[in-house]
Amino acid sequence: MDTPTSVVAVGADLLASAVESQAVPVTRVDWRPPMPGTEDDLVEVALDPLRADANARALAAVLDVQATLVDVAPASEVLGLEPGQFLHAGPPIEWGRASGPLRGALLGGAALEGLVADPDDAVALFESGSSVSLEPCHHRGTVGPMAGVVTPSMWMWVLEDQRTGRRAFCSLNEGLGKVLRYGAYSPDVLQRLRWMGGVLGPLLRAAVRASDPVDVTGILTQMLQMGDEAHNRNRAGTLMLLRDLSPALVSAGDPADVADVLRFVGGNDHFFLNLAMPACKLALDAARGIDGSTMVVAMARNGTDFGIQVAGTGGEWFTGPAQLADGLYLGDFGPDDANPDIGDSAITETAGIGGFAMATAPAIVRFVGGSVPDALATTQRMHEITLGENPRWQVPVLEFQGTPTGIDVTMVCRTGILPQINTGMAGRVAGVGQVGAGLVTPPAEIFPAALSRLADLARARG
Amino acid sequence: MTAGRIHVELRSGAYADSVTLLQVSRDVAGVDGVLAAQVAMATPLNIDVLRGMGFDVPASSPNDMVVAVRAADDAALGRGLAAVEQSLAAVRRPGGATTGGQQPHRTSASALRAVPDGLVLVSTPGPSAIVEAVDALDAGCDVMLFSDNVPVEQEVALKRLAAARGLLVMGPDCGTAVVGGLGLGFANVVRPGPVGIVAASGTGCQQLLALLDHAGVGVTSALGVGGRDLSAEVGGLATREALRRLDLDDDVELIVLISKPPAPEVAADIEAYVASLGTPVELAFLGPGRPDLTAAAEAVLRRLGHDVPTWPVRVPGAAHLGGPGTLLQGLFVGGTNCTEARIVAESLLGTDGGHGFTDFGDDQYTSGRAHPMIDPTIRLEHLARVAADPTTAVVLLDVVLGHGAEPDPAALLAPAIAQVPQPVVVSLVGTADDPQDRDRQAAQLAAAGAEVHLSNAGAARRAVALLGGTP
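These protein sequence lines map, in sequence, to chains A and B. Take the first sequence: its position 428, counted from the start at 1, is 428 in full-length UniProt numbering, and no numbers get skipped. Take the second sequence: its position 127, counted from the start at 1, is 127 in full-length UniProt numbering, and no numbers get skipped.
Chain B on its own, in the form it takes in the complex (with noise of 0.2 Å):
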């Protein structure tokens, strides 16, 4: 691990979004002759990841950027770290530095007096993200919350000042939101239609939007809540407004509201406000014994007078045959798709199989880091240890497209399945039009040796299928 020459180095005051520094680390780890390369603000989860690649990393706080470069030689060495500075150079946008002309905007509440009737997108790191959010409601705008790690409490204070000014928090965690046609976040591409959707889980929203758009059914507005809205603590307060929002827009025929079952003393409030609306809404509240989300679009499709299809799958070009292992082990990015997959397979397994369903979306793997829909690092690396472990019979994944997310992600998951030796089934959440080209995205997971499903409930069936020796 430690062989050739290895530079590692603290900037404090530097700063850039997790985003832009995997797209330095790539460029740098892409080097002739640098044999690992990570450039990543010094949060704990990353400094994990650098010691996991070998690296010494001094004390720091998580305002530090750390340069940590592993060359096979001084010539290598000496050309990442150029590549460093020309990456950070490129990314850093014009008008930073400037002498006179017009000066960046460093807060949200600054470029709200430039664009006072904007909505305010926020994917800054947790505690700085409410403070931003804030901001927006003081200039009278909706704000999407893009970023994790927000303590409830800040949460419910956050959208009680949101409920008094009449505006909608969308978040926290919120990774997924159309409004009015306008994709946001991890968006899927979907045509105008009847269709307005309320979801407190970004995935399980990309899910219905994939599902209904390979249906024909188009969604004008779909419109993220944060995974705790329906909370005790939280109350139901960004449901009520954004089901406020559709109920006032005469595009949409019907709502759909996905969320986790509310607290029993947020239930009924949400169902009497349901109730007073103008608009019919389709309740989908997820969990053990209730119907997941293909059945829910399903019945979205059915009140419509809609054909139900069935639900594209795509074989296998490869055979994985497997080993003596009898785990089911699931590895997702999407949280709503792990949570379906892994209550599917209990409801046919049991509880106490000893099967893996992670979420590497979940905060403990987002520190400081992009999620894995855009950064598929920290997935692979787990795959690899899956795939190298005998108990394991079925490998089960998800990936999900749409804006924001990884522009083409077969690119590096297509050649990890297909050193899977077990069999791999593969939910891909997607639409048609979305940027990655849904379709050539599962032909190239097909070609690797995975079976690929629309249906990530169908997939989680699928998989548990196999573990019955099903081929």
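Next up, chain A with everything else stripped away, as it sits in the complex (with noise of 0.2 Å):
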């Protein structure tokens, strides 16, 4: 037999050390106990004849998929919506359990749609539930980012993965600050949604309509190559939508309704987010349903509990409290303002960019509390936890790795390291904006307990 060209040593280094004095080169782990008690479910999941394979499946029908732009049109349209009917961020919730700035975008909500004059008003009409219901974006193939509340009348990106005809959708962004979606609810935050109803989204529909469908997936790779991280940072990425929307948009109607439209696309840094969500969105449903797969396919906040989704699990939801986030605040806002981590927008992270892109993202580690090197560090911590690298989306300080992939449960129990994710931080109280921004993690335990399934359902195949 030949002699081995190399050992993985893990465990004990007083082996590994013997096998280097016979001038063997080893590649030690710093291998740690895992969180506890998963240890039993980890072997089980770890021989389950499906997991291999299935994780390949899931990790390449996500790398598969290309997201492009082919629709804007209203969410009683696209996705049926009738009066009443809200859509949230996060896994499933009732009012009674609701944060501050979902309830604010609730209330808000329910003005934009006439359900009540004030918003204020429609507290007694969320407390009676009678004719009103709450439904996650994510189980009707929708991201909204914070509250991400979502309304008949809103208008919603549509995007295609064209080669298998499934869709994924997402509102318009409103901006930064006192908007929507960080619970602010007051006139001028309706006045604004109205005009986004009225004239942004109808523009937006006849420039899509008129244009080449826009490949979504390709500006992401372009704009991780341009500092954006596509979560906290979408500069370029909103750059290149106007691009390649604006020769269409000129003639889309009105002079000035158009010139209002670029200077508010162009006014908003973040106006791509709502774009790069749903990509990630369309990308990671690919994998859903893949038993045995032990790949997460979704991160969630509803501001209050955050939950994730896993490929070999089916629709089911592993909750935990969701964690403050440590960051910065905007003018005199503090750690008491801030609320609990909400948002769809971690679906940016499950897809590999976001937070686990962070090194290509330097010019925005001030804004998050970070440094450089933490950023790169960050990105290659990330790359312990996923099952691959993505090809397209490459990090060029990295010697151009891909970014990290497909969240392993295992690998999460295994090492004790947690998704690294961006955030915005919303107010605590309902009807105050936005506080801050940050980096937050999921709560340790919805890993253990995803894993816990996932071996149960492994010991029932046998």
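Hints are computed from structural coordinates only; laboratory data are not their basis. Here the structure is a predicted model, which is why all the values come from computation and not from measurement. From the three backbone atoms N, C-alpha and C, an ideal C-beta is built for every residue, glycine too. Don't take each hint at face value.
Which residues of chain A face chain B? A partial, calculated answer using Cβ under 7 Å [unchecked claim]:
1) A9
2) L14
3) L15
4) D30
5) A52
6) F126
7) R381
8) A449
Hey, can you piece these two chains together into the complex? The hints should help.
Below you can see the structure in the form of structure tokens.
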């Protein structure tokens, strides 16, 4: 037998040193005990005969998706949303447990739909629950940033994987500061939403329909090499979207309206976030329902609970308390003003960008309270908990290594490394709006819970 | 036991392997004024050891690190605790907390992305060992599973996975392997040669390596398969793959298969497989009424046309006269050495003589502790106990050398042997080129009063003879 050219050693360092003393190179694993209580489930899942192939298929399915922008349309039209139906970010929740920013967004949404004249009057509506219903965006092929409230009259981006015809949806981005998705519902917030429904949406629809389908996945490839990580920085992506839509946009309507639209989009560096998110959603949905796969297909928060869904566990949500972000505050706001983590935007991290691609966005490390070495280390650390790399989405500063893609529940439990999420912070009190931005992780316990279910399913298959 | 200042502290989330913590404990125990020190993971076994040392350990989990120090006074305790930090920091590898630099690999799966064709050597605690081993198989790599405490059903599942992919699982509880000349685990330093070994026993393999080396016969590869591989449950899955690999190796002229006798339902299958190979196979199935390993080595030598040497014995430098005791007490670090000695003794003395044979490498003595070939503490305690026992007539020990084993076992064992009033016989399993310098070890043990044999079976026969009063 040939002498091994290299040895990977995990465990006692003494045995690794003994190999090194024989002039064979050793790669040491910095092994530490797994999360408490996960050992037996980790063995069960490791030995599940479906796992390796299921994960390979799940990752390939995600990487195969090409998201294109094909339409812009009201939620009533593309989602069949009816008056009184509200979508929200994160796992399912009822009004009684909803946080301030989600309540604020729901109140504003009710007023936008004309269910009440004054948003505050909608409290009774939601408390009684008789004529309104709440449902997660994720249950309708949709993602929503922050509170993620979607009402029937809101206009939605429509993204399609043209090979399969599958679609994903997201509302249009309102900008920063006092906006509905951060829980603000003052008259100016509602006025902006009405303009978005009356002018922005129809003009974008005309432009999108008159243009070739916009390759959103392709824009993501480019923006990741232009300093965006596509969660808290979408500046390059927004400009590329304008580049692609402007020729058709300029002749789509009244020149004054067109100018307003261009001004609005150009003035909102986060405009592209609402395309990055459904592109990620579309990719990850391709991996849903693969038995035996331990890959996370959604991470989402409703301001109270943080939930994940996993490819091999169907539609079940594994939830724990949403955490407070660690970061920087706007103006006079401080930690006491912040609401726990909220929004479906962690779909970007689930797909390997956002916090996972922090190394490619050094320009915003200070915005979320970090340093450039932290950013490099974060992206490298995320490779420890992911199934593979995205060959299209590369990080130049890391020698064009692909972004870490496909969070593996077993790897999170084995290493204790939690997914790193870049996020905005909403005010705790309904109506306040954004108070800061920072870094946050999921509550650790939801990963052992998902692992336990994966192990149960593997045992049941025998 | 409770004199002085006592400090017991639990550190949750801290982890270091048992060998590293052994070194830390020794560093701290060596500090002036420190009376006792133990830094260990809080496994049930280690908590027993700590209690035995007089420490009260609060409720804990095996994932907690216990730091326990007893010192003469406050100043000494302070020095001891400083030494804990210093020693832990010294063993912590660079790269653990880098910012921006290369991150350490935290799983074998991650390491194998950087080193895609590596052989994987796993020595983590049992439950996690399977998970790391599956990483190796997923990456298409062979794995040596040094870890013990692996349930048999998990071993079966792992080896089925490996068999389906044409990969080799050496272990679990595989202490020794030589792969293309590279020694893994407690392997001895051997010259390349015509023999290939498939061994279900680590120390059995080492005994054969040592005897063949003494006779001037080299070994190209020695593949461990784990002690249960030829059981009905496992069905010889790894043995077949190991035989297949050695059969493919043109440098191997003779394969030796060392194991307990296979389960009846496995025996025919393995014998048929052996018959299908192009390379001859010497079957060395060990057990009562069967040839011992020394006899197996002699058979191998004869089959290769070599002379059979006289196995060396070093006579003691100081006489241990013993007392009125009647019992043989065998204290072993090698499981197969222990079993072989017991079988030899029972063949001569019968099975109901009350003689003692203890294997300190058994799972019950190694949970969260380094193997006794690395950490002699527990056996040394027992040695003192049997020496003080008036029923003990003769003490039989093994000392196993090679890569990974204690760097100088005689340093602690020879002084302990010198304190034993009864005759002491040692089987010293090692080769002349082992890093411990076998002949110097033999000289020190003999000077302390032990009779030192290269053949473990020979040592056992001699111990039995000494029971009969033969000087």
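Hints and how they fare:
For A/A9, the interface hint holds, since its Cβ comes within 7 Å of a Cβ in chain B; the closest pair sits about 5 Å apart. A least Cβ separation of about 4 Å between A/L14 and chain B falls short of the 7 Å threshold, and the interface hint therefore holds. Given hint, A/L15 at the interface with chain B, holds; its Cβ is 5 Å from that chain's nearest Cβ, closer than 7 Å. Because the closest C-beta pair between A/D30 and chain B is about 4 Å apart, less than 7 Å, the hint holds.
With its C-beta approaching chain B no nearer than about 5 Å, A/A52 sits inside the 7 Å limit, and its interface hint holds. With a cut of 7 Å, the hint placing A/F126 at the interface with chain B is violated, because the nearest CB-to-CB distance is about 42 Å. Because the smallest distance between the Cβ of A/R381 and any Cβ of chain B comes to about 5 Å, under 7 Å, the interface hint for this residue holds. Hint status for A/A449 relative to chain B: violated, with the closest Cβ pair at about 18 Å, above 7 Å.
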